[in-house]
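Engineer: In case you want the letters, here they are:
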Amino acid sequence: MAATVTTTAVTTGKTWDGGNEPMGASYGKMMMWFFIVSDALTFSGFLAAYGFSRFKFIEIWPIADEVFTHFPFMHGKEAPMYYVALMTFILIFSSVTMVLAVDAGHQLKKTKVAIYMALTIVGGLIFVGSQAWEWKNFIKGEFGAIETKGGAILQFVDAETGKRVALADFAVHLPTEEIQKRKSNGIWFQDAPTRTSYSVAEVAEGFKTHPNVLVRTEIIKDKKKTVLNRAESEKAMESAALVVEGANLTHNEYGHRLFADFFFFITGFHGFHVFSGVIINIIIFLNVLVGTYEKRRSYEMVEKVGLYWHFVDLVWVFVFTFFYLV
Amino acid sequence: MGAHTHESNTKRIWTVFGLLSVITIVEVALGIVKPDFLFMSDLFRLSLLNWIFIILTIVKAYYIMWAFMHLEGEKASLRWSIVAPLVFLIIYLVVILLIEGNYVFDVFHNSQYKWIF
Numbered sequence: 328m329a330a331t332v333t334t335t336a337v338t339t340g341k342t343w344d345g346g347n348e349p350m351g352a353s354y355g356k357m358m359m360w361f362f363i364v365s366d367a368l369t370f371s372g373f374l375a376a377y378g379f380s381r382f383k384f385i386e387i388w389p390i391a392d393e394v395f396t397h398f399p400f401m402h403g404k405e406a407p408m409y410y411v412a413l414m415t416f417i418l419i420f421s422s423v424t425m426v427l428a429v430d431a432g433h434q435l436k437k438t439k440v441a442i443y444m445a446l447t448i449v450g451g452l453i454f455v456g457s458q459a460w461e462w463k464n465f466i467k468g469e470f471g472a473i474e475t476k477g478g479a480i481l482q483f484v485d486a487e488t489g490k491r492v493a494l495a496d497f498a499v500h501l502p503t504e505e506i507q508k509r510k511s512n513g514i515w516f517q518d519a520p521t522r523t524s525y526s527v528a529e530v531a532e533g534f535k536t537h538p539n540v541l542v543r544t545e546i547i548k549d550k551k552k553t554v555l556n557r558a559e560s561e562k563a564m565e566s567a568a569l570v571v572e573g574a575n576l577t578h579n580e581y582g583h584r585l586f587a588d589f590f591f592f593i594t595g596f597h598g599f600h601v602f603s604g605v606i607i608n609i610i611i612f613l614n615v616l617v618g619t620y621e622k623r624r625s626y627e628m629v630e631k632v633g634l635y636w637h638f639v640d641l642v643w644v645f646v647f648t649f650f651y652l653v
Numbered sequence: 239m240g241a242h243t244h245e246s247n248t249k250r251i252w253t254v255f256g257l258l259s260v261i262t263i264v265e266v267a268l269g270i271v272k273p274d275f276l277f278m279s280d281l282f283r284l285s286l287l288n289w290i291f292i293i294l295t296i297v298k299a300y301y302i303m304w305a306f307m308h309l310e311g312e313k314a315s316l317r318w319s320i321v322a323p324l325v326f327l328i329i330y331l332v333v334i335l336l337i338e339g340n341y342v343f344d345v346f347h348n349s350q351y352k353w354i355f
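Quick note, the sequences are listed as chains A and B, same order. FYI, in this note's numbering the residues of the first sequence are 328 to 653. FYI, in this note's numbering the residues of the second sequence are 239 to 355.
The reader is advised that the hints may include incorrect statements.
[To be verified] Stretch-level coverage of chain B by chain A, calculated; a stretch enters the list once three of its residues show a Cβ under 8 Å from a Cβ in chain A: (1) 255 to 261; (2) 296 to 302; (3) 309 to 317; (4) 320 to 333; (5) 340 to 347.
If you're looking for bench data, these hints aren't it; they were derived computationally from the structure. As the structure is a prediction and not an experimental result, all values here were calculated from the model. From the three backbone atoms N, C-alpha and C, an ideal C-beta is built for every residue, glycine too.
With the rest of the complex left out, here is chain B (with noise of 0.2 Å):
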């Protein structure tokens, strides 16, 4: 990757800056106006709202890793060595939280413990 890789990067910088800011605007319209139809409705016990929150940061997450860290222009073994275990490590803790605090949840809800864990 010497200068000669290099020209014309600018461009593509200021476009993803502009795509960032635009996912950025977007949510945080969404988190004001909180729209009935996307709000009250969920989807494996998040509302839709909270879905198209989290789809938009990864969108982010995507465009930062590859643009700004310029994944896009590294090798694949490197860019999979990085991607591959943060993907199955988060994904598995995630579920694995998520499912325990909810287990939690429905005994202190349906039962007289509160304090039990």
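In isolation and in its complexed conformation, chain A is listed as follows (with noise of 0.2 Å):
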């Protein structure tokens, strides 16, 4: 470490003398460390919390599998996971070349270190464009369900194939004067909540009309959600209060509302860190073209930002796993 700029003073023997480096590391590089301790802690306050509210209703949290199955240009097709891995695979690749950049910073080669960047820079991006796109599939929503007026879920399959039914394949189009309740068509409005493409009313008619389709129930037996018969979904179907399309932070589709908002919290910080690190590798991508480092002699910089990048990949291993696997 003799080398970098940080180390000022010549040091004389004295502990107190200056140009001491506790651990081995210059300053930046160990509060970027510690800084990425007190994250990680952060992280796994949430992740711990999503395991806690996992276990308290453990009975009948959703199944992640059921849930992430789109794949891009692959309409209608169920693809469990095939994308989030390839996200998985994108950022540990941008770590990849984080690293070849950290690496040739240490050879002091400007050029390979800057195409590193770039590179680093372009997986970020899509990174979190991917997770952009999982939140629109997530937030639309694919079959749509019903909740009771205990907050449950019920979902729909159909009787011959066990397959789930959406709610468009049976629910039938009764007349109606209602419309969506706007500021621009109101007198006097505050508030209304926006009208889902079918009503109770209209799904419950045409799950009359539709023998062949049973209720499915959020509670899990023998790790399978519970299908109901025919009685019993026509009773389940009494206590109908609410249509719910796709997820947001009070209804769920997928099944617990816990489940969405953990998904949009802790997804959405880690994006969120993404998107800061694409920024921060921006700005040193930019030093290093401009030869900032190449003065100083000392790449060390694009060494702490590798740092922070790789702390995020290491979340999102975690997120990964406990997300979509577990």
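Take the two lone chains and join them into the complex the hints point to.
Structural biologist: Here you go:
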């Protein structure tokens, strides 16, 4: 570390004469590490809270591979986890290019550092974009569901095939004069819920006329969601209170609302870290281009942002496991 | 750590990348297939499959921290000041919260209370 700029004073051998580097790391690098430690504890807190809520509702927690089944340009095909695996791969690869940039920095190869930094930035942008796409699918929803008065989610399956049925497949359109209330069409407007594609009455009517549609509850038995028989399904439908399409912070067609809350919160917080990482990488990349570190004869700054970038990858590895796999 | 200690590091980087990719592919394959003998048998309220996922994740974390974040080249004192608090605090927090979550589940499950917590 003797070559780094942070070492200003000449050490005379005494502890307090300056130029000392505790634990063999420069000030900036050590502080980056301790920031990472504290940030890692923040993420651990979130994931542990997720675990707490999941254990609290272990019998009714949504099954992740039923939730994340989309892949770009493969409409209607079930592709559980392929996309998120691809995202993981992209982030790991951008970590590789980052560490290659650090490595090139140690050898003071400016062009190489710049190329690898640019690749890292591109990888980060692809990842953030993928996450936005994942959020879009999650918010939009796929099949739609009914929420009961008690807050439970009822989903629908085909009696013969056992496959999920979308609300649009069996709900009917009843004549209605109801419209989406907005500020623009009201004299006195305060608030109105967003209208779903079907009302509860329309779903209930469609359910009556389609005897092959059964209700699937949230309850997990033998690691599978319980499907009710027709009589039980009709009974369950009596307590229908809301039509839920997609997910937001208060309603979630995939199951327990806490699942959606944690999904938005944890992947959002991680996505924000990736976004900040991309911005910081861009700043350092520009500094590399104008030759700031070339003049210093030290690319330690690249190493420091590298640490942050790897940390973001590290967090994703855990988010991936606990949200999508376990 | 001048340039002299960093001559053939790219080889190590690519090896670790290969390792991480293989682990991820294994995880995803297991997650899609979900072999019954792993998925249906439990150990401490967690299926064997989930234990495998968690262990593989920790292996991945180890390689990211040791190879990419270059902890293997740092002094032992720095390594310990980072790893020890994390390991201790995370295990502590997770154990307490999961036991508590399990207890709340039991209360919901075995009593009439539905929204007490």
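Engineer: Now, for every hint given, state plainly whether the structure supports it.
Structural biologist: Hints, one by one, checked against the model:
Requiring three or more residues with a Cβ within less than 8 Å of a Cβ of chain A, the coverage given for the region 255 to 261 of chain B holds, as 3 such residues are present. Residue count for the region 296 to 302 of chain B with a Cβ under 8 Å from a Cβ of chain A: 3. That meets the three needed, and the coverage hint holds. Counting residues of the region 309 to 317 of chain B whose beta-carbon sits less than 8 Å from any beta-carbon of chain A gives 4, enough to reach three: the coverage restraint holds. Counting residues of the region 320 to 333 of chain B whose CB falls under 8 Å from any CB of chain A gives 7; the rule of at least 3 is met.
As drawn, the region 340 to 347 of chain B meets chain A at 5 residues by the rule of a beta-carbon pair under 8 Å; at three or more, the given contact holds.
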